[in-house]
Amino acid sequence: MNQQSVTFDERYRIGRKLVDELGPAQDTEPSTFELLGLEWDLVPGTYAPKPGTGTEYYTTAIPYPQGGSFLEIGCGAGVTAVWAALHGCAHVTATDVTVTAVASAELNVERHGVADRVHVQRSDVFADLDPDAKFDAIFWNCSVIEAPKDFEFTQDFEWAIFDPGYAALGRYLAEVHDRLLPGGRALVTFNSLGDASRVAELADEKGVTLSLVDSSTRVLAGEEVTYKVFEITRP
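Under full-length UniProt numbering, the sequence shown has 209 at position 209, and the numbering climbs by one with no breaks.
Hints were generated in silico from the structure; no laboratory data involved. One thing to keep in mind: the hints can contain errors.
As the list claims (entries may be wrong) - Under the rule of at most 30 angstroms between Cα atoms (straight-line distance), these lysine-lysine pairs were calculated in the DSSO-like manner:
id : residue 1 : residue 2
1  : Lys50     : Lys149
2  : Lys149    : Lys17
3  : Lys50     : Lys17
4  : Lys206    : Lys134
5  : Lys206    : Lys149
Treat the numbers as computed from the prediction; the structure is a model and nothing was measured.
Please build the complete structure, drawing on both the sequences and the hints.
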């Protein structure tokens, strides 16, 4: 076995560990969790961002377009999307590939009184959005563990951890600038649990550059993790 496959296997092992340790409880009814000093609703099956997770850091670190429009891909329970609406964004669109996350986000939009400026819908990256929709800022706290290409999702929560072959991230990098208004900003996250060299190659393949905006190191499920926010630009 070569070193590359050993590294891939180790990252995948950590991904499985995160699923086991951070995965949702076997609840059958909606529950709540606390983050960033607020209470949030959670539909069973949705990833619940706990203290130390990327959501806690990214939500307060990313630059929001004051008075502008904001699109979040992979919104999960809707924490970042709601925060954006509470902190200056006039229009927010929050999407997720799973129906449980969409349901959780909708509950949190109502809970925090931002239904007048936050729209939640299901979408696989940009595929299900209005083809003419464009935004002042687009953000994705992406799934950083590169699962095997034949990986099959067995529970909704796994979408928050794994991206088989980094296919979804590749589509995001290739298509995000087509969704920006003039002067808009494209943002993406990554962390030290993923394969940074592969993502750099992927960005090069898609003709974009990843420029570091901010970073923070924290402990997640016993693993020291460095979270990073990048702006995606075209040379």
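Here is how each hint holds up against the structure:
1. Proximity of Lys50 to Lys149 is assessed by CA-CA distance (about 28 angstroms); at most 30 angstroms being required, the pair is judged to hold.
2. For the hint linking Lys149 to Lys17, the alpha-carbon distance of about 19 angstroms falls within 30 angstroms, and the restraint holds.
3. Taken as a hint, the Lys50 and Lys17 pair is honoured in the structure, with Cα atoms around 15 angstroms apart against an allowance of 30 angstroms.
4. Proposed proximity of Lys206 and Lys134 is supported: the alpha carbons are some 20 angstroms apart, at most 30 angstroms.
5. Proposed proximity of Lys206 and Lys149 is supported: the alpha carbons are some 19 angstroms apart, at most 30 angstroms.
The structure meets every hint from the earlier list without exception.
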